[in-house]
Amino acid sequence: MDILPYTQTHKDYRERLKDFIAREVTPNADRWEADHQVPREAWEKMGREGFLCPCVSSTYGGMGGDFLYSVICTEEMAKTNQTGLLSLLHSDIVVPYIEAYGSEKQKQKYLPGCISGQTITAVAMTEPGAGSDLASMVCTAEEERGEVVINGAKTFISNGINCDLVILAARNPEVDNPHKAISLYLVEEGTPGFKKGNKLDKMGMHSQDTAELFFTNCRIPHENRLGEKGAGFIMLMQKLQQERLVCSLWALAIAEYTLNYTIDYCKNTHPLGKALSRDQSVQFALAEMATEIKMSRAFVEQIVLDHISQEDVVMETSMAKYKTSQMVHHIAGQCMDLIGSFGGEEDCPISRKWRDSRIMSIFAGTNEIMKGIIAKAMNL
Amino acid sequence: MNFQLDKSQKEIQKAAREFAKGEFDGDLVLEEEKMGKFPEKIRKKAADLGFIGVHYHEKYNGGGLGLFENILLAEEFCRRESSVGIALMLSGFSAECILRFGSENLKTRWLPMVTKGEALAGAAFTEKMAGFDLADITTSAKAEDGGWVINGSKNQILNGSTAGFYCVLCQTDPEARPPKPKSLILVEADRQGLKVENIRNKLGMRMSTTADLRFESVRVPYENLIGRRGQGLSQVYSFYNEAWILIASLALGTAKGAFSKAIDYVKKREQFGRVIAKFQVTQHKIARMASRIEEASAFVYKTATDFDHGKNRLAVGAMAKLCACQTAIEVTNEAIQMLGGYGYMREYGLERFYRDAKAMELFCGNTGFLKDIVNREILGNAKYRQ
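Residue numbers (numbering that gives the first Met the number 0), protein chains in the order written: chain G, 0 to 379; chain S, 0 to 385.
Among the hints, erroneous ones may be present.
[Stated by the list, open to error] With a Cα cut of at most 25 Å, we get these calculated SDA-like pairs of lysine to any residue:
hint, chain 1, residue 1, chain 2, residue 2
1, G, LYS198, S, ASP371
2, S, LYS127, S, ASP371
3, S, LYS179, G, LYS78
4, G, LYS370, S, LYS127
5, G, LYS273, S, ASN374
6, G, LYS78, G, THR8
7, S, LYS127, G, ARG277
8, G, LYS195, S, ARG345
For the record, the hints were derived by calculation from the structure and aren't laboratory data.
Only chain G is shown next, with the shape it has when bound in the complex (with noise of 0.2 Å):
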């Protein structure tokens, strides 16, 4: 059943990216999670092998592949069992807004540093206040002799501490209609009055060094402005589409990682001289965790093409979004409890997939919210 038009070089794509990841992220992972943060040069690594931003186009150093490079990537860094090498926020999230919206000086001066790795990036949109109602946010950004000056607090963001560039989401205070307030700004790591606050301590992805970034009358140039003044909220609302059906892919392989895993155990442990798979139950376990990936499956790769032709399946990725988080979690915990109390210690990987999983139906819009998405759809 194969719905994706792979060619031969994507699929030696993938061949090296797995080589890459064998070599320099898998023997890292558990050390990386341990430290609760990823070296820079990890990230420098995979740029200088091909594996970041596999989609820009060549003018900025880019390989100008098409979407599925983004899915191959973020599939094969799913099953690594870390999350602070998360380059699909980076390539597939965040790296897309400067190169849709960004002026040409901007591409010229950002695009590069984000594919080789030496510019890591994250984006800051959620506030202590804001989170599912975006449109409250309080960051402000007002415009002073050719210059912008950011005020506020951001929270909960991925390569918070990392980051050298950040996308970040701020309210003109003189406009009060949210949807139009809303602009996005380009902040350097080191401009003055821009703090990184400190590694917010979570349930699971414990080597994704997620922080808090305080502006306090932070100061940047006029030109650091991304795409229209006041149109941050319809950017942002156009990028979702693509940041939730990666998300999707993510959980997806998640599952299959954590499901595959599950199988071989059982098929491998024999308890009572029996291999827990002769088990009637766990087969029939295994069997509906199977069916409900494949239909997964089969669902976000239909998207995935229609994304790719450029329609508009937001309805679509919002119930992508919303069905995966969910099964990878569940099909998590269901696998550790199959496979008995080793799948409550941390040496069991499904261990950390079950802790790491619980977070994907929150971001990006939770569940609640994707419900809301999919309801105004149905004109309902």
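Since chain G is already given, all that's left is putting chain S on it; use the hints.
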């Protein structure tokens, strides 16, 4: 069935609630849970106030009360801090084997150690290559010169590296035909030849240790036999029945604690111009969580009451654990969803409740095993037509 708490039970509940409120320091728990540190100071205070071993007879320094009173404590402690509640209430895990089956000497010697907070107990039953039903365990105890010589390995033992003594399930008649008779033998932690290995890094229940044990010709006196020789397995199952009800109550308390945290949050958190408690979807989630908690409460209370009246059934104990752990997982998971990103942050505590709930599901019998136990009573003895 009357689940109205009587006056003294209400007092116990209130005392436990106040103790937890006063003594369980949230910031400290946040740090120590991460490091996997047993709450030694709290345990000592709890012991001084008589919270450990309320179901032991007074002559062993216990409270002379029942399992019902014990689960009231478990519930209250877990409501406040699930990890602490679990560590305290399972600090004597397996000592009930001595309480129910042990000789007067063993009871007098060891039970006060538990209630006074001087020793933790470890249930050394499970082994790597044997299933959870324990039929195939291979650790052996050979009767020799008036004592036992124990050899073998035990896997994933709660309080493994912190216990003062273990109740060890051993084969005691190597010549017998399978299923070989088994016996429970008490082994003090400082016996020569007993080695603690491989302290486990766990997902939840992290304030209790879990480790593997190795017995290399460990010698203990014959009197360390708990109950009757050859009756070890049925004694362990009898203990499991009580343990499952206790774990169910820990899970119930965990669910209730997470529920309160979620309620507090949704009443305050505003999004889209109103507190999120005003959204119908939030309200219905709350209703669902509350229903699950009521179900589990009724079930766990009934099961504990039955147990105290001698009407204990292994299958019902298993069902109580299944039911309460599922409730705890569902409620804590939903509570996290309500808090959104904050629910995922360690600082807010809910994710710890969720990890503990999940760990309890896997502890002392996973879902598949417990369902087998339930079934043994329902279909197990039926004759099937081929």
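Results of checking the hints against the structure:
Between the alpha carbons of LYS198(G) and ASP371(S) the distance comes to roughly 45 Å, so the proposed pair goes past 25 Å and is violated. Taking the CA atoms of LYS127(S) and ASP371(S), the gap is about 20 Å. The hint holds against a cut of 25 Å. For the hint linking LYS179(S) to LYS78(G), the alpha-carbon distance of about 44 Å lies beyond 25 Å, and the restraint is violated. Annotation: proposed proximity of LYS370(G) to LYS127(S) is violated, straight-line Cα distance about 45 Å (limit 25 Å).
Annotation: proposed proximity of LYS273(G) to ASN374(S) holds, straight-line Cα distance about 20 Å (limit 25 Å). With a CA separation close to 21 Å, the supplied pair LYS78(G) and THR8(G) stays within the 25 Å bound. Distance check on the hinted pair: LYS127(S) and ARG277(G) sit about 19 Å apart at the alpha-carbon level, within 25 Å; holds. Taking the CA atoms of LYS195(G) and ARG345(S), the gap is near 19 Å; set against the 25 Å cutoff, the hint holds.
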